[in-house]
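Visitor: Sequence:
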Amino acid sequence: MDVMFRGSEAEVEREVTSWLLSSPTDDEDLCQSAYAARWTKDGTGLMARNGLDAGGKLRPSAAELNGIGRTFELTWKNYFEGAPDKPVMWLGTFAAYAGNDPAAPRRNYFSATYYIEYPVSKGRVHIAAGLDPYGRLDFEPGYLDDPADLGVLRWGYKKGREFARRMNIYRGEFVLGHPDFPVGSEASTSGSSRPVGISSIDIHYSDDDDKAIDEYHRKSGSWLNLVA
1 MDVMFRGSEA EVEREVTSWL LSSPTDDEDL CQSAYAARWT KDGTGLMARN GLDAGGKLRP
61 SAAELNGIGR TFELTWKNYF EGAPDKPVMW LGTFAAYAGN DPAAPRRNYF SATYYIEYPV
121 SKGRVHIAAG LDPYGRLDFE PGYLDDPADL GVLRWGYKKG REFARRMNIY RGEFVLGHPD
181 FPVGSEASTS GSSRPVGISS IDIHYSDDDD KAIDEYHRKS GSWLNLVA
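Residue 222 in the working numbering sits at position 222 of the sequence shown, and the numbers go up by one each step.
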């Protein structure tokens, strides 16, 4: 799995899992101790859940399939077209910002989380030291080597972004947690803002925007597929 977390700001009145990772107050120990005491007392509070409150398995529509690009066409035909119960991607919400950016201010965050259900990219590992069990292995992770995976992740980013900005708790995007779009791009991220309507027009992305998204995925993936 290639797991991604795209951060957004949440309204201040919400109790979010981010508080366990980075307290909204200056006294982190006091804040976290309060949640630990609540959990110890009756098993409730933020420590009673993992922050993944909702999610679903998705397949692209005809229009979305066209947007993913030609690199995914063969994979779609071979693995998904004839299996309508086979998901391409999982998309959900995480009540925290999962990054480790020291520049992130202490605010309420949530993330649109997504991963590829069946990545095409494959790595390899070979014995390279003969009979020496402690010798160095010939290891190639193959992370996102197949462009079909980049196309699906690009779709996941766009889908998750549209999903997030329609949620009632949405208060803008955490800019550092998004791709570095070209200056003047219609897809440029914004700071504080309010949710858009359910029927609002989706954000338009240019070819250069798509390249920025692909580059971001190459640099910021969780690489869970290397250890799963």
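Honestly, I wouldn't trust all of these hints.
As the list claims (entries may be wrong) - In the BS3-like style, the derived pairs of lysine-lysine whose C-alpha atoms are separated by at most 25 angstroms in a straight line are:
id : residue 1 : residue 2
1  : 41        : 159
2  : 158       : 86
3  : 41        : 158
4  : 57        : 77
5  : 211       : 158
6  : 77        : 122
7  : 122       : 86
8  : 41        : 86
9  : 219       : 158
10 : 122       : 41
11 : 219       : 77
12 : 158       : 77
13 : 211       : 122
Keep in mind the hints are simulated off the structure, nothing from the lab. If you're wondering where the values come from, they're calculated on a predicted model, not measured in any experiment.
Visitor: Could you check the structure against the hints above and give me the numbers of any it violates, in ascending order?
Guide: Hints 1, 3, 8, 10 and 11 contradicted; others consistent.
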